[in-house]
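Chemist: Here's the letter readout for the chains.
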Amino acid sequence: DAGVTQSPTHLIKTRGQQVTLRCSPKSGHDTVSWYQQALGQGPQFIFQYYEEEERQRGNFPDRFSGHQFPNYSSELNVNALLLGDSALYLCASSGQVVSNEQFFGPGTRLTVL
Amino acid sequence: QQQVKQSPQSLIVQKGGISIINCAYENTAFDYFPWYQQFPGKGPALLIAIRPDVSEKKEGRFTISFNKSAKQFSLHIMDSQPGDSATYFCAATRSRDKIIFGKGTRLHILP
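As they're listed, the protein sequences go chains A and B.
Using my numbering, read the first sequence as starting at 2 and increasing by one per residue.
Using my numbering, read the second sequence as starting at 3 and increasing by one per residue.
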């Protein structure tokens with residue numbers, strides 16, 4: 002049983018560019034949450050998707066957007082990249098049976114130059 | 003304010019010793035308190051979790067102590083091993099809600 006998978010592993014972009022990160026949830030999970038983890042900090046909640054809709058959103062600008070597909074996989078899009086967007090982007094999935102438990106993927110390391 | 007405060011920021015423990023990390027929360031609506039372990043370059047891995055109706059939960063060498071009235075909880079790692087060296091995050095959440103993380107504790111176990 003594959004856990005949460007994310008792609009790509011690493012990504013280097015320049016300021017102003019746009020980026021798309023991808024996540025496949027753990028088998029049986031229907032809810033996907035995205036977090037941003039700056040170096041030396043705890044993860045910060047970006048948003049959560051359930052039934053293909055954004056259900057909750059953290060304190061992130063509209064440059065951050067997402068999507069969930071019918072197979073529960075998800076994308077995170079960031080437009081007009083800033084140097085401060087450099088971070089590890091984590092995807093977490095959860096299911097209805099034990100809805101509190103969120104399992105994290107390995108993350109995508111984004112570097113903005 | 004939905005905050006989780008974690009201490010210490012870093013911790014050095016001798017092999018075989020007890021590692022203790024403390025956390026405090028503010029929002030009494032939280033009903034699930036997980037601890038995550040993170041190794042460099044990896045995502046956080048769920049280590050152990052507790053609900054507020056339980057005062058203690060033990061899994062192997064890892065124990066969570068929970069004090070609901072004080073709104074505090076702690077992680078104890080017994081017989082700490084070099085392989086336990088990692089960053090530990092306490093967290094708080096509600097069902098199907100976002101996770102609020104502490105700032106993390108970098109634990110180093112001396113061989």
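Among the hints, erroneous ones may be present.
What the hints assert, rightly or not - To give a feel for the contact side, a few chain A residues facing chain B, derived at Cβ under 8 Å:
1. S8
2. F46
3. Q57
4. P62
5. S74
6. N78
7. N80
8. A81
9. S87
10. L91
11. E102
12. F104
13. F105
14. P107
15. T112
Simulated from the structure, these hints should not be mistaken for laboratory data.
Predicted model, so just to flag it, every value in this text is computed and none were measured.
Just so you know, even glycine gets a beta-carbon here, dropped at the ideal spot from N, CA and C.
Chemist: With reference to the structure, classify each hint as holding or not holding.
Modeler: Taking the hints in turn, this is what the structure says about them:
Nearest Cβ of chain B to the Cβ of S8(A): about 13 Å, over the 8 Å cut. The hint is violated. At a threshold of 8 Å, the smallest CB-CB gap from F46(A) to chain B is about 4 Å, leaving the interface hint in force. Evaluation of the Q57(A) hint against chain B yields a held restraint, the C-beta minimum of about 6 Å falling below 8 Å. Interface hint at P62(A): violated, since its Cβ lies 17 Å from the closest Cβ of chain B, which is beyond the 8 Å cut-off.
Taking 8 Å as the C-beta contact cut-off toward chain B, the hint placing S74(A) at the interface is violated, the least distance being around 17 Å. At a threshold of 8 Å, the smallest CB-CB gap from N78(A) to chain B is about 19 Å, leaving the interface hint violated. Annotation: N80(A) was flagged as interfacial toward chain B, and the flag is violated, the nearest CB pair being 22 Å apart, outside 8 Å. The interface hint given for A81(A) is broken, as the beta carbon of that residue sits about 24 Å from the closest beta carbon of chain B, more than 8 Å.
With its C-beta approaching chain B no nearer than about 15 Å, S87(A) sits outside the 8 Å limit, and its interface hint is violated. Taking 8 Å as the C-beta contact cut-off toward chain B, the hint placing L91(A) at the interface holds, the least distance being around 5 Å. Against a cut-off of 8 Å between C-beta atoms, the interface hint on E102(A) holds, since the closest Cβ of chain B lies about 6 Å away. A hinted interface residue such as F104(A) counts as satisfied when its beta carbon comes closer than 8 Å to some beta carbon of chain B; here the least separation is about 6 Å, so the hint holds.
Among the interface hints, the one on F105(A) holds; its C-beta lies about 4 Å from the nearest C-beta in chain B, closer than the 8 Å criterion. For the restraint placing P107(A) at the interface with chain B, the shortest Cβ-Cβ distance is roughly 5 Å, inside the 8 Å limit, so the hint holds. Given the 8 Å rule on beta carbons, the hint for T112(A) is violated: about 14 Å separates it from the nearest Cβ of chain B.
Violated hints for the displayed structure, listed by number in ascending order: 1, 4, 5, 6, 7, 8, 9 and 15.
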